[in-house]
Amino acid sequence: DVKVTQSSRYLVKRTGEKVFLECVQDMDHENMFWYRQDPGLGLRLIYFSYDVKMKEKGDIPEGYSVSREKKERFSLILESASTNQTSMYLCASRGGNTIYFGEGSWLTVV
Amino acid sequence: DQQVKQNSPSLSVQEGRISILNCDYTNSMFDYFLWYKKYPAEGPTFLISISSIKDKNEDGRFTVFLNKSAKHLSLHIVPSQPGDSAVYFCAAKDTGTYKYIFGTGTRLKVLA
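Here the protein sequences line up with chains A and B, keeping their order.
Residue numbering for the first sequence follows our numbering, beginning at 1 and increasing consecutively.
Residue numbering for the second sequence follows our numbering, beginning at 111 and increasing consecutively.
No lab work stands behind these hints, which were simulated from the structure alone.
Errors might be hidden in some of the hints.
Straight-line alpha carbon distances no greater than 20 Å define the calculated PhoX-like cross-link-like pairs of lysine-lysine that follow [as the list claims (entries may be wrong)]:
1. B:K115 to B:K147
2. A:K57 to A:K71
3. A:K53 to A:K71
4. B:K181 to B:K164
5. B:K209 to A:K53
6. B:K147 to A:K3
7. B:K209 to A:K57
8. B:K209 to B:K181
9. B:K115 to B:K209
10. A:K70 to A:K3
11. B:K209 to A:K55
12. B:K147 to B:K219
Input sequences plus hints: build the corresponding full structure.
Have a look at this one:
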């Protein structure tokens, strides 16, 4: 079974804080993703990494950056959190044609 | 411009009956389609998928149908169970890319 683990499930941060969301997968997948899910908007791609140190912007990269120093780990960084970044963040990795999601990280920015 | 649409935000079905969830797409270059199930406060769980070269795929109670001429995808759940109550997302993969486009989801409620 594919295991994608997001280390922080629930976070509350203040506006302007730097936020790190960590994700680890155990299947040696090359491709990893960060999505955010908001009611009525579905899942929107923030960033994608196709290999170590390789990244591409998704549909909504503004206000975010990512880091992929090791194959199993993909981090999402909010440089200066804002209230409109309150959301559920989902990490995923790709095996074959299927992407597998982690449990999600609920971030509230106050 | 939404390339994958789930036009029904919610659906209620009696336990034991069939649930049919629908998804429409506009991009004929999608080569793979997937369905995910999501419970509140959890990540989406992969359910079933279908390649664009097929028109049906079955896995237990779940069957996915693909009508390429109509650009329409549907998920059938038979028989529906209360534990199937969740939000269902359809997704499509663009040919030769990493891009997966998701619909906005349909909330299924199975009534006991």
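Verification of the hints:
Simply put, K115 (chain B) and K147 (chain B) have alpha-carbon atoms about 16 Å apart, close enough for the 20 Å limit, and the pair holds. Between K57 (chain A) and K71 (chain A) the alpha-carbon distance is near 18 Å, which keeps this suggested pair within the 20 Å criterion. The straight-line distance between the Cα atoms of K53 (chain A) and K71 (chain A) is roughly 9 Å, inside the 20 Å bound, and the hint therefore holds. Distance hint between K181 (chain B) and K164 (chain B) is fulfilled; the C-alpha atoms sit about 13 Å from each other, no more than 20 Å.
With a C-alpha separation of about 19 Å, the suggested pair K209 (chain B) and K53 (chain A) falls inside the 20 Å cut-off, and the hint holds. Annotation: proposed proximity of K147 (chain B) to K3 (chain A) holds, straight-line Cα distance about 17 Å (limit 20 Å). A C-alpha spacing of about 11 Å is found between K209 (chain B) and K57 (chain A), which places the hinted pair at or below 20 Å, so the restraint holds. Straight-line distance between C-alpha atoms of K209 (chain B) and K181 (chain B) comes to about 18 Å, which keeps the hinted pair within the 20 Å bound.
Restraint check for K115 (chain B) and K209 (chain B): satisfied, since their Cα atoms lie roughly 16 Å apart, inside the 20 Å limit. Pair hint K70 (chain A) plus K3 (chain A) holds up; C-alpha atoms about 16 Å apart against a cutoff of 20 Å. As the CA atoms of K209 (chain B) and K55 (chain A) are separated by approximately 13 Å, the hinted pair is consistent with the 20 Å bound. For a cut-off of 20 Å, the pair hint linking K147 (chain B) to K219 (chain B) stands: about 12 Å separates their Cα positions.
Every hint, counting from the list given before, is met by this structure.
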